[in-house]
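Residue numbers (our numbering), protein chains in the order written: chain A, 25 to 337; chain B, 419 to 672.
The set of hints was computed from the structure by calculation and includes no laboratory data. Careful, some of the hints might be misleading.
[To be verified] When the alpha-carbon atoms are kept at most 30 Å apart in a straight line, the in silico DSS-like pairs for lysine-lysine are as follows: (1) B:Lys578 / A:Lys221; (2) B:Lys667 / A:Lys299; (3) B:Lys655 / A:Lys90; (4) B:Lys667 / A:Lys336; (5) B:Lys667 / A:Lys90.
[Said to hold, decoys possible] The following residues of chain B were derived to be distant from chain A, with all beta-carbon distances above 12 Å: (6) Val435; (7) Leu469; (8) Asp501; (9) Tyr513; (10) Lys576; (11) Lys578; (12) Asp584; (13) Gly586; (14) Val596; (15) Thr606; (16) Ala624; (17) Met626.
Idealized CB from N, CA, C, for every residue including glycine.
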Amino acid sequence: QSTLVVAEHSNDTLTPVTLSAITAASKLGDEVSCLVAGTNCAKVVEQLSRVQGVKKVLLAQHDAYKGSLPEELTPLILATQKQFNFTHICAGASAFGKNLLPRVAAKLDVAPISDITEITSPDTFVRTIYAGNALSTVKCNEKIKVFTVRGTSFEPAAKEGGSATSEQVSAPSPVGMSEWLEQNLTKTDRPELTSAKVVVSGGRGLKSGENFKLLYDLADKLNAAVGASRAAVDAGYVPNDMQVGQTGKIVAPELYIAVGISGAIQHLAGMKDSKTIVAINKDPEAPIFQVADYGLVADLFKAVPEMIEVLKK
Amino acid sequence: MTARVLVGVKRVIDYAVKIRVKPDNTGVVTDGVKHSMNPFCEIAVEEAVRLKEKKLVQEVVAVSCGPQQVQETIRTALAMGADRGIHVEVSGKDYDSLGPLQVSKILAALAKKEEASLIILGKQAIDDDCNQTGQMTAALLDWPQGTFASELVIEGDKVKVVREIDGGLETIKLNMPVVVTADLRLNTPRYATLPNIMKAKKKKIANMKPGDLGVDMTSRVEVLRVDEPPQRQAGVKVESVEDLVSKLKEAGRI
């Protein structure tokens, strides 16, 4: 067995989901290589070569890799595959991995397996279907297994303790059918939603975007990330990148505080693996209470400011 | 002007239905269960119809793969404003093992046959949650891909796409022909009105088989079993904020 993990990074730092993908790859065997493609990513190569479980770091640098366009990265991965003959190719199930790996798989004429939550054997994987309402165990009989890894289902690999070698791979000539123009990332000093230890999320009960300030204040007391239900996103209170749920982000923090969220199935799919769930909702019948470890039936506009006060003590 | 847009529409169990796993663990119960068009496919159809209304495209063709019943899904797309439909008939064992790779091959073959310059699909189906078909169709055609789109603008022979990514938004420009997959915020799909539903009955749906398109339906992915997810037990109700905070402190969570 030998596995290629396609690393996701910002040229300076490795994205946490890549560490989870490395853990998944290590379960398949100890031949784990990581491919870093970018414009100026010496720092990421250095970080990756210390990650536990990584044997080899493959580096390809070219201006064409700016913005990680799948049209440009796919030929690189195919060339790398041709050179090393991996049995498995994986990446994190983030916007990056979901965009890229199916394209690679189709070029290899293999069916990819999305968003796996468990590896049963080198060809058998568990993944969720129907927004987490069923678990499907699938056997992949393809010659090369291509899959993406759900970050919350695999512990991140240790950042220190490894000693990988690194090697340059040559970049195929640019394809030039796509152009990356710009990125508008939501600026925040708070932890990133999918890797935060504490997440505070708001739903339609917040009644407006302005009222989310309450949650930001609470989050700041807890060093938490702030998320939202699809209902709050659909109502225009907050941007879509805050959405927790099957069609948004999957999170599994140590503490998840759901405020004014009724608990639609598709929202539960995105957070029910959290270690401790707190629900604050004025409707005692809200389905969110069925998954909450601690439920508080209360008006959030009273309870949240009160909680901020109590935490100040 | 872009001549033709192909839109994929998938028939899935309605999003509001509570899913039940079959007692023999071979799948989920689909018999007698309400089905509808995949919500992301509705967004794709809406976007294509809006492009036509803006006179940026000439024709919208709705495609679905599956048994006889998927014609209902195609009719829904026609009632929303698509011009005609193509039903690629897949049934029995082939339908049971039908996956994104086979569908992508069908869509790619149809795109060539129909000389489409734009394919719009939903970003994922709410049954298998794969999120693969758009990317794979683009790969098979060697077209660029604008996935998870929240904005789509045709600019001459290029398409500008604003994409939903993990930390926010990203803008890319792609050469036509192109595959675009729809995310939630691309638009709000319309409801089909009764007159349009009546009109849709007169629109044509062509019928073909994967073999007519030269597509091999072999699947090398086997579903071994389908299980209920572990149920989370409800915990306790707390009486006050003070009580909540002290319980969280005891549990070491804050």
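Hint check:
With a C-alpha separation of about 37 Å, the suggested pair Lys578 of chain B and Lys221 of chain A falls outside the 30 Å cut-off, and the hint is violated. Among the hinted pairs, Lys667 of chain B with Lys299 of chain A is consistent with the structure: their alpha-carbon atoms are about 14 Å apart, no more than 30 Å. Between the alpha carbons of Lys655 of chain B and Lys90 of chain A the distance comes to roughly 50 Å, so the proposed pair goes past 30 Å and is violated. With a C-alpha separation of about 14 Å, the suggested pairing of Lys667 of chain B with Lys336 of chain A holds against the 30 Å cut-off.
With a C-alpha separation of about 45 Å, the suggested pair Lys667 of chain B and Lys90 of chain A falls outside the 30 Å cut-off, and the hint is violated. Chain A draws Val435 of chain B into its interface by the beta-carbon criterion, the shortest separation being 9 Å against a cut-off of 12 Å. The claim that Leu469 of chain B lies off the interface holds: its Cβ sits roughly 20 Å from the closest Cβ of chain A, which is beyond the 12 Å cut-off. At roughly 28 Å, the least C-beta separation between Asp501 of chain B and chain A is larger than 12 Å, which holds for a residue marked as non-interface.
At roughly 16 Å from the closest C-beta of chain A, the C-beta of Tyr513 of chain B stays outside 12 Å, upholding its exclusion from the interface. With a least CB separation of 9 Å from chain A, Lys576 of chain B falls inside the 12 Å interface cut-off, contrary to its annotation. For Lys578 of chain B, the non-interface assignment is contradicted: its Cβ lies about 8 Å from the closest Cβ of chain A, within the 12 Å cut-off. For Asp584 of chain B, the shortest C-beta to C-beta distance to chain A comes to about 5 Å, within the 12 Å cut-off, and the non-interface label is violated.
Listed as outside the interface, Gly586 of chain B is inconsistent with that label: its C-beta sits roughly 4 Å from the nearest C-beta of chain A, within the 12 Å cut-off. At roughly 9 Å from the closest C-beta of chain A, the C-beta of Val596 of chain B falls inside 12 Å, breaking its exclusion from the interface. Chain A draws Thr606 of chain B into its interface by the beta-carbon criterion, the shortest separation being 9 Å against a cut-off of 12 Å. The claim that Ala624 of chain B lies off the interface holds: its Cβ sits roughly 25 Å from the closest Cβ of chain A, which is beyond the 12 Å cut-off.
Under the 12 Å C-beta cut-off, the non-interface status given to Met626 of chain B relative to chain A holds; the minimum distance is some 22 Å.
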